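Sequence lines, in order, name chains A and P.
Quick note on numbering: the first sequence equals residues 1 to 93 in this note's numbering.
Quick note on numbering: the second sequence equals residues 1 to 135 in this note's numbering.
None of these hints come from the bench; they were simulated from the model.
Mixed in with the good hints, there may be bad ones.
Unchecked claim - Straight-line Cα separation of at most 16 Å, EDC-like style, residue types lysine to aspartate or glutamate; simulated pairs:
no.	chain 1	residue 1	chain 2	residue 2
1	A	Lys-19	A	Asp-29
2	A	Lys-38	A	Glu-4
3	A	Lys-19	P	Glu-10
4	A	Lys-19	P	Asp-66
5	A	Lys-19	P	Glu-71
6	A	Lys-38	A	Glu-64
Computed from a predicted structure; not experimentally measured.
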Amino acid sequence: MAIEVRIPTILRSYTGGAKAVDGAGDTLDSLLTDLDGKHPGLRGRLVADDGALHRFVNVYVNDEDVRFLGGLQAPLGDGDSVTVLPAVAGGAS
Amino acid sequence: MLELPRDLFEAMIAHARRDHPDEACGVLAGRAGQPARIIPMANAERSPTFYRFDAMEQLRVWREMDAADEEPVVIYHSHTATEAYPSRTDISFAAEPDAHYVLVSTRPELGEAAEVRSFRILAGVVDEEPVRVLD
Chain A
1 MAIEVRIPTI
11 LRSYTGGAKA
21 VDGAGDTLDS
31 LLTDLDGKHP
41 GLRGRLVADD
51 GALHRFVNVY
61 VNDEDVRFLG
71 GLQAPLGDGD
81 SVTVLPAVAG
91 GAS
Chain P
1 MLELPRDLFE
11 AMIAHARRDH
21 PDEACGVLAG
31 RAGQPARIIP
41 MANAERSPTF
51 YRFDAMEQLR
61 VWREMDAADE
71 EPVVIYHSHT
81 ATEAYPSRTD
91 ISFAAEPDAH
101 YVLVSTRPEL
111 GEAAEVRSFR
121 ILAGVVDEEP
131 VRVLD
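Isolated chain A, as found in the complex:
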């Protein structure tokens, strides 16, 4: 069961420069654990110490923001594609 994961520039140091990698898992959580086995450290850039997705990243399953699909518990199936983008945010305070 292969799921394509698109990796943003800032995290390609973990994937040997690859823009997309394949992983496996039936939830986002298990996918990220699987990916971390092949690309150590990647999971830590996406999941914060409190065990939730980091606020510095946006993660999408197909065209949906995973925050609305259950976050790390978002279900995945064969052929789904996951996209990671850095959140673009900031401001004066």
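Given the coordinates of chain A, assemble chain P onto it according to the supplied hints.
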């Protein structure tokens, strides 16, 4: 050094003034480091002190750029009461290593004058660079 066509430079300032006192944000997309078009983005926070690209709009725009072989050459936003210098929040979120981070200040003391400054932000380190407007 960031080289900006005059129309894009003016369009960023106009966007910042339009959304004042809330912060405005957007992207200049282009190829090979040359900004070619402006994409004003919604500030999902609608706040005078914070901005965040709407996650769904960002996905759409990033895919559009990908398909056109473009990149976010510039990521801009405004500060509406303070100077055009990256805040700690700006620095902590900056995650496009190849982008120029442009700040536009619309603080009232400036009056009609525009303050536009450009920075590279890499791993928490801020480097200001000159902005050259091309006529």
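Tell me the hint numbers this structure goes against, listed in increasing order. Going through the list in order, the structure violates hints 1, 3 and 6 and respects the others.
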